[in-house]
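A.B. asks: Spelled out from the first residue to the last, the chains are:
Number of protein chains: 2
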Amino acid sequence: MSAQRRLVILAEGNFGFHHGKTAVGVIRYGSDDVRAVIDSTQAGGNVSSLLPGRDIPIVATLGEALAREPRPDTLLIGIAPTGGRLPDSWRATILASIQAGLDVHSGLHTFLGDDPEFAAAAREAGTVIVDHRRPPARMETSVGRGHEPGKRVILTVGTDCAIGKMSVALELRSAAVAAGHSTSFVPTGQTGMMIEGWGVAVDRLISDFAQGTVEWMVEEGERRGDWVIVEGQGSLDHPAYSSVTLALIHGATPQAMVLVHKAGQVEHDFDHLPEASFPIAELRPFIDLHERVAGLIAPSKIVAVALNTSAIASDADARTEIARIATETGLPVDDPVRFGGGPLWSEIEAAVERLPWVAGR
Amino acid sequence: MSAQRRLVILAEGNFGFHHGKTAVGVIRYGSDDVRAVIDSTQAGGNVSSLLPGRDIPIVATLGEALAREPRPDTLLIGIAPTGGRLPDSWRATILASIQAGLDVHSGLHTFLGDDPEFAAAAREAGTVIVDHRRPPARMETSVGRGHEPGKRVILTVGTDCAIGKMSVALELRSAAVAAGHSTSFVPTGQTGMMIEGWGVAVDRLISDFAQGTVEWMVEEGERRGDWVIVEGQGSLDHPAYSSVTLALIHGATPQAMVLVHKAGQVEHDFDHLPEASFPIAELRPFIDLHERVAGLIAPSKIVAVALNTSAIASDADARTEIARIATETGLPVDDPVRFGGGPLWSEIEAAVERLPWVAGR
Numbered sequence: 001m002s003a004q005r006r007l008v009i010l011a012e013g014n015f016g017f018h019h020g021k022t023a024v025g026v027i028r029y030g031s032d033d034v035r036a037v038i039d040s041t042q043a044g045g046n047v048s049s050l051l052p053g054r055d056i057p058i059v060a061t062l063g064e065a066l067a068r069e070p071r072p073d074t075l076l077i078g079i080a081p082t083g084g085r086l087p088d089s090w091r092a093t094i095l096a097s098i099q100a101g102l103d104v105h106s107g108l109h110t111f112l113g114d115d116p117e118f119a120a121a122a123r124e125a126g127t128v129i130v131d132h133r134r135p136p137a138r139m140e141t142s143v144g145r146g147h148e149p150g151k152r153v154i155l156t157v158g159t160d161c162a163i164g165k166m167s168v169a170l171e172l173r174s175a176a177v178a179a180g181h182s183t184s185f186v187p188t189g190q191t192g193m194m195i196e197g198w199g200v201a202v203d204r205l206i207s208d209f210a211q212g213t214v215e216w217m218v219e220e221g222e223r224r225g226d227w228v229i230v231e232g233q234g235s236l237d238h239p240a241y242s243s244v245t246l247a248l249i250h251g252a253t254p255q256a257m258v259l260v261h262k263a264g265q266v267e268h269d270f271d272h273l274p275e276a277s278f279p280i281a282e283l284r285p286f287i288d289l290h291e292r293v294a295g296l297i298a299p300s301k302i303v304a305v306a307l308n309t310s311a312i313a314s315d316a317d318a319r320t321e322i323a324r325i326a327t328e329t330g331l332p333v334d335d336p337v338r339f340g341g342g343p344l345w346s347e348i349e350a351a352v353e354r355l356p357w358v359a360g361r
Numbered sequence: 001m002s003a004q005r006r007l008v009i010l011a012e013g014n015f016g017f018h019h020g021k022t023a024v025g026v027i028r029y030g031s032d033d034v035r036a037v038i039d040s041t042q043a044g045g046n047v048s049s050l051l052p053g054r055d056i057p058i059v060a061t062l063g064e065a066l067a068r069e070p071r072p073d074t075l076l077i078g079i080a081p082t083g084g085r086l087p088d089s090w091r092a093t094i095l096a097s098i099q100a101g102l103d104v105h106s107g108l109h110t111f112l113g114d115d116p117e118f119a120a121a122a123r124e125a126g127t128v129i130v131d132h133r134r135p136p137a138r139m140e141t142s143v144g145r146g147h148e149p150g151k152r153v154i155l156t157v158g159t160d161c162a163i164g165k166m167s168v169a170l171e172l173r174s175a176a177v178a179a180g181h182s183t184s185f186v187p188t189g190q191t192g193m194m195i196e197g198w199g200v201a202v203d204r205l206i207s208d209f210a211q212g213t214v215e216w217m218v219e220e221g222e223r224r225g226d227w228v229i230v231e232g233q234g235s236l237d238h239p240a241y242s243s244v245t246l247a248l249i250h251g252a253t254p255q256a257m258v259l260v261h262k263a264g265q266v267e268h269d270f271d272h273l274p275e276a277s278f279p280i281a282e283l284r285p286f287i288d289l290h291e292r293v294a295g296l297i298a299p300s301k302i303v304a305v306a307l308n309t310s311a312i313a314s315d316a317d318a319r320t321e322i323a324r325i326a327t328e329t330g331l332p333v334d335d336p337v338r339f340g341g342g343p344l345w346s347e348i349e350a351a352v353e354r355l356p357w358v359a360g361r
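Read top to bottom, the protein sequences are chains A and B.
Just so you know, the working numbering puts 130 at position 130 of the first sequence, and the rest follows in order with no gaps.
Just so you know, the working numbering puts 220 at position 220 of the second sequence, and the rest follows in order with no gaps.
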């Protein structure tokens, strides 16, 4: 998305931090002009209630979104449901958007471009449908590529899905750039891809090629910056997605990692059988295990914890919890999304340069 | 493959234990009648030189294979190259087979059934093309399913690819059946699938659905037997495939694992950049790490080591190495492929029944 687009984001029934994280991410970090969000359950509201400073109306229908000047030119599908399937109720909205001349950008597992009705409508309207989760044609396995001299690769890892690994990576990238470093962000999910305009949705890759794909994505990241911040996915202990996490750890071979954790969370949040229970890991042993697992291929260290304090109302209480986690883990801790990425970035940069496998390279 | 087929196996230039492992596996463990192997580089030879007791001619051409009575009815593609792509030189052979009325069974990543020329020829000849690596239509994520009462799930893990995880699993299944247990083998690779007639090639699954798919494969395994032996893939420290290994560990949540290791192997064997080096793991710490990683989701223990002693010429020397590894790891060790699965199975069965998370369930 190089030229700025005018987006209407479809997030029906789901606009918010958890199920609407694509919408939130694109609004918060993207460079496009978001004209409206469609969510009839919050119609009449404004995005600024959730994201201060972002004056964007929430409307009930596509018609209302199209009535806004300047007129949107792109419909972005802003939900991220489990499995990524398209709700039937949305077909009419998507079809009407195409017929109204909008391009459609989607991150769903179901490829809208392969839908005969949508494809035919797009051909007739002269518009495009972009499925960001469509895997690349290039299918390769890892070749054991190392990092170019002078490159620093960092991966965000987490104690669960959907707790801010992407947001933390983007905040750190901003802070690194502000500190004068040439820094790239490697998108590994559909939201990050929509924000940056490149990348691959690693959860959509064929297993045999996942690590090889991550390997060349990092190679591309090294072309775009000296510091390379790779967006993490899943968690090493996630019953459904841990293999995607390991594909990133072993495919990217980051010299350092940043652990993202949500304060107050006690259980993994995903659709599982009610009789099963999956507690969030205790941090210190989990940090050690990440380092041992990463070290099977290349040495790595978790150099900081980025704490998601969104469940804590006051800044003072958030600071207290940050300090507690710092004591518990023995690592620098901050909430870069809440308080800005500068301080945490300084700690990370210093720690990385001291690593034995980085120093002097 | 329920009714017995008459197979000709295409393994041109590759018949042997490493690159021809599908051919070897199907001959050694399958229930079909293998009429000939096509490999012009070994034409005139006989499979019995490699697999004692298997009197199957190695021929140079399809024509020679078709001349044998009773005539073959199926061509099986017996190679497993990196990435699974079809050598161009084989197109003529496959086309001629179809035109001669043979079904084609393939485990390649490139789906022969999607090839317009092959598909048209098959339609005209009234034959079928089966691509065993084609993923199932069913795409689901894990739901945290536990094991039914009375079920015992074992996974083979390894220190590298292509060292015998499938063969060990099949030998143990045979031994368990001989000991009177209802036992199933869960195929996770194209070779195992061709042998058993069911299963899913997990390396071909979309990452997001890998663990969920393994979860329901084990559910099917539990329907077919009380002891469920799951075929492992990759290794936890493989630069290219470790994520597939973790998808099996966390998707199958085996109560126990059997570590497969090849005596004398010092480096991972795969196509990687020459400047990179990936040593085989030291066994005891690797065993501990498997248990910690598995334990992130459900408790598991490596209860035995199956040693591949194929690089050791004499049985006596093989026994010496087996004893050495037993001392090194503190676990029961044997080579079930060389010496039969009975003794190792007895050790495994006893150890599993003593596990705290198994006893009494």
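Derived from the structure by calculation, the hints contain no laboratory data.
Accuracy of the hints is not assured; some may be wrong.
[Stated by the list, open to error] Quick list of the computed label-pair ranges, beta carbon to beta carbon: (1) B:D114 with A:D55: 44 to 52 Å; (2) B:E220 with A:G264: 32 to 40 Å; (3) B:D33 with A:A276: 43 to 51 Å; (4) A:E291 with B:A120: 51 to 59 Å; (5) B:D33 with A:P87: 48 to 56 Å.
For every residue, glycine included, the Cβ atom is placed at its ideal position computed from N, Cα and C.
A.B. asks: Are the hints correct? Go through all of them and say.
C.D. replies: Going down the list of hints, with the structure as the test:
About 50 Å separates the C-beta atoms of D114 of chain B and D55 of chain A, a value consistent with the hinted range of 44 to 52 Å. Range check, E220 of chain B to G264 of chain A: Cβ separation about 39 Å, and the 32 to 40 Å hint holds. A hinted range of 43 to 51 Å holds for the C-beta pair D33 of chain B and A276 of chain A, which are about 45 Å apart. Separated by about 54 Å at the C-beta atoms, E291 of chain A and A120 of chain B satisfy the suggested range of 51 to 59 Å.
With their beta carbons about 51 Å apart, D33 of chain B and P87 of chain A fall inside the hinted range of 48 to 56 Å.
In summary, the structure agrees with every hint in the numbered list given earlier.
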